[in-house]
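> Spelled out from the first residue to the last, the chains are:
Number of protein chains: 2
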Amino acid sequence: MKRWMAAGILCIAVQVGWSQSVNQDAAKLALMPLPKSVAMGQGELALDGHFHAGFPGSPDAKPDARLDAALNRFLVRLDRECGGIRRAQHEAKDSDPLTLTLQVAGPGEAVQGLDEDESYKLTVTPSGATLSAATDVGAMHGLETILQLVRIGASGCSLPAVTIDDAPRFAWRGLQLDVVRHFEPVSVIERTLDGMAVAKLNVFHWHLSDDQGFRAESKKFPRLTEVASKGQFYTQDEMRHVVAYARARGIRVMPEFDIPGHSSSWVLAYPEIGDGRTLARLPDEYVEPVVELDPTNEKTYKFLDMFVGEMSAIFPDAWFHIGGDEVEGKGWKTNPKIQQFMQKKGFKTNDELQAYFNQRLLPILKKHGKRMVGWDEVLNPALPKDIMVQSWRGEESLSAGAAQGYAGILSAPYYLDGQKTSETMFLADPIPADTKLTPEQQKLILGGEICMWAEQIDSGTIDSRIWPRSMAVAERFWSPQSDRDATDMYRRLRIASLELESVGLMHITGPGRLRRNLAGSSDTKALDTLAAVIEPVSFGEREDHQHTDAYTSLNRLVDAVVADPPARQEIAAEVDAVTDGRSKATGAALRSRFENWQQAAPELLALTGQSSRLSDAGPRVQQLAALAALGLESLAYLDAHSIPPAGWLDKQKVVLKDAAQPSAYVRFVCLPALEKLAEAAAK
Amino acid sequence: MKRWMAAGILCIAVQVGWSQSVNQDAAKLALMPLPKSVAMGQGELALDGHFHAGFPGSPDAKPDARLDAALNRFLVRLDRECGGIRRAQHEAKDSDPLTLTLQVAGPGEAVQGLDEDESYKLTVTPSGATLSAATDVGAMHGLETILQLVRIGASGCSLPAVTIDDAPRFAWRGLQLDVVRHFEPVSVIERTLDGMAVAKLNVFHWHLSDDQGFRAESKKFPRLTEVASKGQFYTQDEMRHVVAYARARGIRVMPEFDIPGHSSSWVLAYPEIGDGRTLARLPDEYVEPVVELDPTNEKTYKFLDMFVGEMSAIFPDAWFHIGGDEVEGKGWKTNPKIQQFMQKKGFKTNDELQAYFNQRLLPILKKHGKRMVGWDEVLNPALPKDIMVQSWRGEESLSAGAAQGYAGILSAPYYLDGQKTSETMFLADPIPADTKLTPEQQKLILGGEICMWAEQIDSGTIDSRIWPRSMAVAERFWSPQSDRDATDMYRRLRIASLELESVGLMHITGPGRLRRNLAGSSDTKALDTLAAVIEPVSFGEREDHQHTDAYTSLNRLVDAVVADPPARQEIAAEVDAVTDGRSKATGAALRSRFENWQQAAPELLALTGQSSRLSDAGPRVQQLAALAALGLESLAYLDAHSIPPAGWLDKQKVVLKDAAQPSAYVRFVCLPALEKLAEAAAK
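Heads up: the protein sequence lines correspond to chains A and B, in order.
Residue numbers are given in this note's numbering: position 303 of the first sequence equals residue 303, and the series is strictly consecutive.
Residue numbers are given in this note's numbering: position 226 of the second sequence equals residue 226, and the series is strictly consecutive.
Hints should not be assumed to be uniformly reliable.
The list makes no distinction among identical chains, and a pair is therefore deemed to hold if it is satisfied within one copy or across any two copies.
To be verified - Dumping the calculated DMTMM-like pairs for lysine to aspartate or glutamate here, alpha-carbon to alpha-carbon at most 20 Å:
1) Lys333 / Glu352
2) Lys93 / Asp284
3) Lys676 / Asp650
4) Lys299 / Glu44
5) Lys62 / Glu226
6) Lys230 / Glu91
7) Lys525 / Asp351
8) Lys330 / Glu285
9) Lys230 / Glu217
10) Lys230 / Asp64
11) Lys28 / Glu226
12) Lys525 / Glu570
13) Lys230 / Asp94
It should be emphasised that the hints constitute simulated quantities derived from the structure, not laboratory data.
Being a predicted model, the structure only gives us computed values, none of them experimental.
Start from the sequences, fold in the hints, and give me the full structure.
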């Protein structure tokens, strides 16, 4: 159910001529990502027992199967929100007037590409709604928008009168998923794609091979999964299913097979294409010794030719990701044959050998109708300009590529395991307002990709790591550059998060389930209180203390909390209001919050003392109690307009510093706000 | 995580010679279903970084693939509880001593049947655990028991020293699932089977056809799903997958194809085997006109012969359910050809014609190696004694069958849509202690089946309708007849419920998700407060007011609450304690509960006023507030030892009577306790 929320201001390009009141209505919508243009009308369209959606023209003018299926999924979701929709649609006669008319020119490209027309136009008046699009994909985006417009009232559901003209800012809006470090079953891939469709993301970048395993079945090279997958891989039928499932939702699937580095799984299965070093087993962690492909061996290219050909029959996308990152080249340095080859060719560095490898790879990809994508490291002047670079190093590296004429997509700011806030990721722009790139060069920045690396996630935690934060990035990729109001973004994100849940994602229920499991009880009130104000530390901080691999149990407090929980903003806003002297009520809310922390502490301490899985959280509980005392004392001084004794503030700073120490792989999200509160109390 | 709970007494056949203290330890275990015999030992076995599970004998003595997979699933679950288990197992050398030794004589029957030896013996000492079983199935039951024994403490996980000797009381312990009235995807079937394995249930009875649809793909008769499934059916590959998935968990799959009644889907697709009446479309509801098979037509038997043969290749189980219930026979009465046939045969009633049909069916089933199962109505002296009767009419009807020499299973008390308490279902015994059956006749009672009919459920609500209540029935089917302590059953059920969640069931998260969707917010505290004290009314009461079918939106308050919520018992216990004058603390808990109701009421009223989906819940909210006032006033009088004014109790009775009125398809679970409280206050 979507509610029209009072708070926040919609930051969109407001059309000239909007009246003030209409403008305010638009500001209450909860669309995400924001459309290019929204113009409110007067009144609303009832979604009731007369609901009828369909296509204009004769009853025989049927839509293509993809659009028909998309409409059916839409009806199921609308019905869940409103009730009565599926029955109305079932009982409607062809001759009954249409409540929702779909005008879709055609299905779109047989293989979705960068030129796919994803635009749509939606007009809602009190007498009916019309969704027009050039392609199925545009129509599907429009259907998502309609679902976000639905409001439920005492007398039923309706859509506000509105005209929306929408199209994406970037053509490439991706989510990359590593299924190697932890394998994810097809059901997880499916619900990830469902979430992507809600977010209007359109590229699923499937990281299918790495040192730790090979996840794609090859019938030509069966040892890849026999030897190097521990039984965890996708059959060809499953991969075809994923491609079809994605296409049904307007999403391309780009496979990544990471070469010539990150290639231990290839070499364990087929040592003859390796760098000469031998592996007894797959490395579990990324810090363990790894081996690489031999770029000087003709067998390697014959192998890759056959392999790319086989995979091209499964993945119709025009783009093929060859990885290319972090090539250590240790084996290249110690293998005399490789060294001899380099000398002969005049290569001084491994980079030059890798560029040679990529040059040899290019005609192979071309032969199978593919264009090359690689991480930053593939960028080399020796390569032609029709490859694309995915930047994990940052926006500057991306711009440097564009300045040289290479197309690129940005990923560095969108690494989900960095555990950054939605706001930080939302504000990072593939083409910042102050870009130095020329308009022509800017056209080479095709968009971006969110990255979900899997060292620290499993199928129980993945959803809460991806969602809802990816929705904020999806807005960055879709909406105008001028859309930078983080407060309003968060208002809409809270609502979008419920929509993501209702399509099947478990980002809310997953952490709750793990907390019940941790507490050994369905009463997790105390644990929830702690979880609400902490978040996981970044990948690197956790990695410093815990090397996670497929055998690590991801079943501790850090796995049961989420990045950027709402309490961060809420507490900051409450503290701002109190220190500005704006609100008594806010002071009461803050006091009640601190009292909750205080009350939860004894039960939490008992829990951490009883369970080895929570033992490392003990210090965090002590700190929570100390922060509660800091808060309550601060409020008391502020209320009494009295000055605390000398040394009080210093004592509070010690409390804050202690709470900022690393422990249990989690960190508090409220420390800056509490510092501000204590400082205000001390004034 | 399993906690050793202090409350409750374990009701098991206590072995002679147990010391009192050991006996008390056993009483703290949370095993469910209760084993046949449990003897506590001294000390515990650590489950730590030295954990190593395996099979005795040479390293080459590998278990069969089914047992190996079961052990792997066990390790994943144990690892989730304890951490470090998978790594320890991964790093253990074959020569390292075994922490858990599995001694399994053999895989068991190639097709699991009634004679499968499901027993196991488990011995845990501080130096190691040994699980012995004759078959994989017995071993899998033992592995479930081990998981229930795990306790986690400050220093890690352990198993208590214990000796368990276990075997089921009944060989047939089933769950019947209707996938016709609402279709369930394979993922739901899978997690239902996972839950059944936890509950040691061993028969999945798959109700695959009915008037409203045909859910099993037939390649011989493709129109069955083309015409009569609306696209919602299982492919043969999917059915084979379900059979394999079930077998991997020690569960048989018995298909049901309901004939000659409940057969509209057959006849819509193939009118030539019908009773002569025609159908324009599938009936949506069970109250709509239906048609039946023609038992007088030789084509019917040729059809069924081919069909049973085709399905027998998919379902290896020895038993085949032919439905046979609720044959209206309207078409039989109006079809002159059928009437002529009956006259010729001397049949006076439809029952006789149905018995003829079943007699004709028997050799067909036999030919394909199947034995016949049918609902009560198949019972007819004309039929041989090797058929089996599933009683939906009750234990007396079952006993009557047994007295005539027919084998049977009980289902009547275990209809989940009756929304009865776990306690009521738990206490209903297929062979009650006061049975009049001879020991020989008792042997004909093979067990029972829980029934989940699907008119009022969908894939979002099914888990919370089946679980955790089915666990209580599963204990009835497995554990000794003398196990009748409902208080201790509930203690263990709360813990088992978390285990069911951790294998993937959504009986806790599903209703929570729907409440967020109803509230349009992730803050559902007020709605949760109401939901905690109400439950769905029975199938019949809901059906009186709402005819649900596949087009009904199951998205209202009734769908977001569960049968027999814990608050029913909790409030009853708190009221008992207060009225007995036993506990001041309990009075405070009760007061806090009533205050919560009072506080939630305004927010709930606002919600019900805002959303058409909650509008019917308005009266319930008013009643909640009135019950809160009743509770608080009662406590005040009791506290003050003062007598309420004349007429006060009468006024409260009006409040209670009002709250007992039907509305919103839900009912309060606390009315008897509140009546007791008010009466005590008035004394």
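> Could you figure out if Lys230 and Glu217 sit no more than 20 Å apart (CA to CA) within one copy, between two copies, both or neither?
Answer is within; shortest intra-copy Cα gap is 12 Å, inter-copy 34 Å.
> Since the copies are identical, ignore which copy is meant and state whether Lys62 and Glu226 lie within 20 Å (CA to CA) inside a copy, between copies, both or neither.
Between copies only: 19 Å across chains, 46 Å inside a chain, cut-off 20 Å.
> At most 20 Å between C-alpha atoms: does Lys525 with Glu570 qualify within a copy, between copies, both, or neither?
Both ways: Lys525 and Glu570 sit 19 Å apart in one copy and 18 Å across, limit 20 Å.
> At most 20 Å between alpha carbons: which applies to Lys230 and Asp64, within, between, both or neither?
Classified as between; 18 Å across copies, 41 Å inside a copy.
> Given a CA cutoff of 20 Å, do Lys28 and Glu226 count as a within-copy pair, a between-copy pair, both, or neither?
neither (55 Å within a copy, 46 Å between copies)
> Up to 20 Å between alpha-carbons, please classify Lys93 paired with Asp284: within, between, both or neither.
For Lys93 and Asp284, the Cα distance is within 20 Å only across copies (17 Å; inside one copy 60 Å).
> For the identical chains here, do Lys333 and Glu352 meet the 20 Å Cα criterion within one copy, between copies, both, or neither?
within (13 Å within a copy, 89 Å between copies)
> Checking Lys299 and Glu44: alpha-carbon separation at most 20 Å within a copy, between copies, both or neither?
neither (66 Å within a copy, 58 Å between copies)
> Can you tell me if Lys330 and Glu285 fall within 20 Å by alpha carbon in one copy, between copies, both or neither?
Cα proximity of Lys330 and Glu285: one copy only (18 Å, versus 70 Å across).
> Indicate which option fits the pair Lys525, Asp351 if close means a Cα-Cα distance not exceeding 20 Å: within, between, both or neither.
neither (55 Å within a copy, 59 Å between copies)
> Using 20 Å as the alpha carbon limit, work out where Lys676 and Asp650 are close: within a copy, between copies, both or neither.
within (13 Å within a copy, 57 Å between copies)
> Measure nothing new, just compare the shortest in-copy and cross-copy C-alpha distances for Lys230 and Glu91 to 20 Å and report within, between, both or neither.
between (51 Å within a copy, 15 Å between copies)
The structure does not agree with the numbered hints 4, 7 and 11 stated previously, though it agrees with the rest.
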